[in-house]
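Could you put together the complete structure from these sequences and hints?
Number of protein chains: 2
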Amino acid sequence: MTQTLDHPTSTTDPQQRAQAWFASFEAALRARDVAAAAGHFATESYWRDLVAFTWNLKTVEGRDGVSDLLAETLDRVDPGGFEVAEPPEEADGVVTAWFEFETGVGRGRGLVRLVPAEEGDDGTSGTGDRAWTFLTTMHELKGHEEPRGARRPPGAEHGADKHRTTWLEHRQQEAESLGSTEQPYVLVIGGGQGGIALGARLRQLGVPALVIDKHARPGDQWRNRYKSLCLHDPVWYDHLPYLKFPDNWPVFAPKDKIGDWLEFYTRVMEVPYWSSTVATSASWSEEKGEWTVEIEREGRPLTLRPQQLVLATGMSGKPNLPQLPGQDVFRGDQHHSSAHPGPDAYAGKKCVVIGSNNSAFDICGALWEHDADVTMVQRSSTHIVKSDSLMEYGLGDLYSERALAAGVTTEKADLIFASLPYRILHTFQIPAYEAMAEKDADFYERLERAGFRHDWGDDGSGLFMKYLRRGSGYYIDVGAAELVADGEVKLAHGQVTHLTEDSVVLDDGTELPADLVVYATGYGSMNGWAADLISQEVADTVGKCWGLGSDTTKDPGPWEGEQRNMWKPTQQEALWFHGGNLHQSRHYSLYLALQLKARLEGIPTPVYGLQEVHHLG
Amino acid sequence: MTQTLDHPTSTTDPQQRAQAWFASFEAALRARDVAAAAGHFATESYWRDLVAFTWNLKTVEGRDGVSDLLAETLDRVDPGGFEVAEPPEEADGVVTAWFEFETGVGRGRGLVRLVPAEEGDDGTSGTGDRAWTFLTTMHELKGHEEPRGARRPPGAEHGADKHRTTWLEHRQQEAESLGSTEQPYVLVIGGGQGGIALGARLRQLGVPALVIDKHARPGDQWRNRYKSLCLHDPVWYDHLPYLKFPDNWPVFAPKDKIGDWLEFYTRVMEVPYWSSTVATSASWSEEKGEWTVEIEREGRPLTLRPQQLVLATGMSGKPNLPQLPGQDVFRGDQHHSSAHPGPDAYAGKKCVVIGSNNSAFDICGALWEHDADVTMVQRSSTHIVKSDSLMEYGLGDLYSERALAAGVTTEKADLIFASLPYRILHTFQIPAYEAMAEKDADFYERLERAGFRHDWGDDGSGLFMKYLRRGSGYYIDVGAAELVADGEVKLAHGQVTHLTEDSVVLDDGTELPADLVVYATGYGSMNGWAADLISQEVADTVGKCWGLGSDTTKDPGPWEGEQRNMWKPTQQEALWFHGGNLHQSRHYSLYLALQLKARLEGIPTPVYGLQEVHHLG
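Residue numbers (the working numbering), protein chains in the order written: chain A, 6 to 622; chain B, 6 to 622.
These are computed hints drawn from the structure, not numbers from a lab.
The reader is advised that the hints may include incorrect statements.
Copies of the same chain look alike in the list, so a pair counts if it works inside one copy or between any two.
[What the hints assert, rightly or not] For lysine-lysine, the following DSS-like pairs were computed, each having C-alpha atoms within a straight-line distance of at most 30 Å:
#1 Lys249 to Lys417
#2 Lys354 to Lys167
#3 Lys147 to Lys249
#4 Lys354 to Lys293
#5 Lys167 to Lys355
Have a look at this one:
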């Protein structure tokens, strides 16, 4: 079996090819024959597992990687029941197949891409096909299925019982006991989209959890931002779990509308949520297996003792506020972009915005619209894509009306997206950005003519890779880049050396008169939250959050295979990080919730391939 | 063509039969050949049109009815483009086909049931098939399509514009101008599920509308009812337009949860809604073509001048509170069921509940659960079905997980339901109730042994026909009927003659000691609201609301064909009635909204077959 061309697979249809591969693969798994199972993978191959095999988010590469994963997990996972879930598709010789499977404790689904074995391939698949990419995900724990659809709760309890409580009374009792006579098993700190989505999942799974947030109401995380803010991602990408936006929802929702949605979602999904509550300290007791978390709820101190602690305070981490000489003498307003109130007070004023990423552009645009005199200080090159082009080339196949019409639901899109290995994801991205460069060539030319320093990422892979690698360095243009290209928003370059009473001074001596300085200078790693709340020691134990180890700007190697510390076990027991955009909050909250549920239920969760820490923050 | 057996239809498949029928029918319509078009209908046939042809909700019967409808409407409606929308199904010789079509001003969809022509049939269809039931509905007006899906609003306005307003600012401006500088085109009085669903539709269609309601918050219509109240209809039947309940929603939602959903929905759908607002009077000016409506908003008087007035104050109409001698001397609590606060204050008390329908049973059950001593006074016979049985036999084919799994979405179920002509609906219902009687024979035997007077409706057609005909006379048993059957809730019979200081006295002399009297004595016709708000004259002009003219108990003839005055033009210009359960609020709000939108846009809306008034209330 060293040749492809005369192999039977070349003559069978995609359904038969996929079924044959799974039959052979499952036989190898059943026989506990790790080498034979690994032989079903191509020389270059990627197995991404989300919880199902590894109790981790983990990608392994090549047959060695597959062997290592199976050697450690196969016996206890006891996988089986692989079934092709719908008719596979074939394109350019690659068969793409949805499948379902079971493990000893859960049910899973996944997506495989099969390629014919290459000449000289020494694999063992009897079918001649090899897995190139293989995604396995767990979606429910046996015996702990979510009460949805045919399992939904009855609501009314039929019959007559003396002194039963109503739904409202039950909810009120629960609210009174939570945090006093009943401790939450999970405490989620941060109630933006991440905390809320996770809270909803945990509620559904029957995990006693509490989400706390410093703001007065759910959704204030959005409402309190600068007033022109709209989502930069389109609606199809932004759904929360269980309850989709209605089909009249705007493509790019305004911040206050999203705020309202989050508030009512929290209530409809019955997420236990304390507003106006801050956590002041947390410490882990190895002995008791619980956290001691000091909080202030509406100003009143309280101690919580959860067994699991989730930081969902924002994947962007703590604001980076530069320390500059002269900040103490500057007479105007100055604040980080995250604290910018919007443009209303600045008509006719001289405004200097330091930074040239998303927030900087949004704020410059809104200030210009309110007749401010605006200068953007570009410190390093930035990647810009037109929103329309990003929709068309970047997301359209997965998240759009077009995708929906083609049967690609949000749930399917999430799995397709997740099935593309991070290691090679940039190779899928580069052509899309090349197409955007061509389509919008005139725009980029004008932008550069205006002096703007533009890049496409270290390897030309564009915005999404920048987001995954460093979470910064880009702007999705919804109009403000045109202001820079047209000179309506002025541009300066360099680093800020100091402020005077009424100006910002750059390293080339340029002095920019200023009534307002906005530091759109980004955010640190999420483990900064852990440093503040728990200790620097724990923050260092956990290490840097976010990024892939791609060895590109702001994402140092070595290669990690998955995003650092996100939605998976960390080096600190019982400490978790949850965050990201609405897409990630939706999709990855499932895997984090299942990991927490399993721990609550005492289901063994041995972690395969716990990440090592290579960077402190 | 007088024989069926040797006709070609008997040998062609359902798709061909349906396509052939539509091709022939459309050719007759195009030729404006009314007789030929009517010849496509069976001798016994029913054409139900919702707005598309008639600007009315109208059912005509037989070829004469079809001829009459077409003679008046065909030229101006200009129908065409009939297309079979998905593969038709055939059972027992009946072909059921979904179809789409257009009129001069709108787009429609419908459902037809075709039967082979009978022997001796003198119709004109070239295909040998005849329409037995024919449903046509309009779902959108050309040029006024709803901004949904691919037409959804962009949200963010890309580009840069000086002084543009944000979504929030726009909403705030709109809220300030509504009712002061801007008049609503439509005023909807009553903001329960009916007013809210209609408000959402009107909002989507860009019709300036305002919903007012006396309660403090949307949803209080439910929250303020007795605390044990849950929906008696299951979740699949209860969705609102645009935004479905999530799939973890309880089958029978508790009242407070529904209240929260309605509040959430109102805000998310951006329904202009004034709480704590009552209308005190309304009058129509023929000359100006507008209403003058006096309202009090949070106690402050204001005059509104809408061009259309919708009463959505509850299909059950005003509470019937009997006037009885001795009510003034009775020392305990007494109130109508709609004002009953729940059982908490009545533990150990003697409670007399007058009535034996839904509310009476719910209230008796809750009182018993709280250790009250409860007596139900049955004044006339009542129909009871077990909730589970109703779900299984009554709704399961259309509204259930089973239906969903079979591809019957809520939208499809609504049209299937609507396609069954009221004239023969009871014949579809009777077998379902016969099945329930058999399944629950033991229950009915015990109930009657306890002295309860039970019926199945005048013609054995059960609960849903009672609902449509009279809106009363039944109970969906969720437990309390068992208490009556078991004697836990005591039963008395007869009419109440008077109250004493501490008892209720019946016409046979029975004296029932009472600390509490609940009058679960039902509601009047909706035109009672018009009498209170506008004038008795207008109420009499409009006549009785609800009911079909079935000539059964509390639904006097003559036959009307549709529900009286609901969701369609009335004898009072610009006055509309909207209401019903969640199903009806969802489905019929579409047709009412389209009728209002067309009037706003100046699209001619000549009404075919405006109902006559046979009963005053």
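Status of each hint after checking the structure:
In the homo-oligomer, the alpha carbons of Lys249 and Lys417 lie at most 30 Å apart both inside one protomer (14 Å) and across protomers (20 Å), since each shortest distance falls under that limit. Taking identical chains as interchangeable, the C-alpha atoms of Lys354 and Lys167 lie at most 30 Å apart only when they sit on different chains, with a minimum of 15 Å there against 69 Å within one chain. Both within a single protomer and between protomers do Lys147 and Lys249 lie at most 30 Å apart by alpha-carbon distance, with minima of 26 Å and 28 Å respectively. Proximity of Lys354 to Lys293 under the C-alpha cut-off of 30 Å is found in neither arrangement, the shortest distances being 57 Å within a copy and 51 Å between copies.
For the homomeric pair Lys167 and Lys355, the shortest alpha-carbon distance between copies (17 Å) is at most 30 Å, but the shortest distance inside one copy (71 Å) is not.
In the structure shown, a violation is registered for the earlier hint numbered 4 alone.
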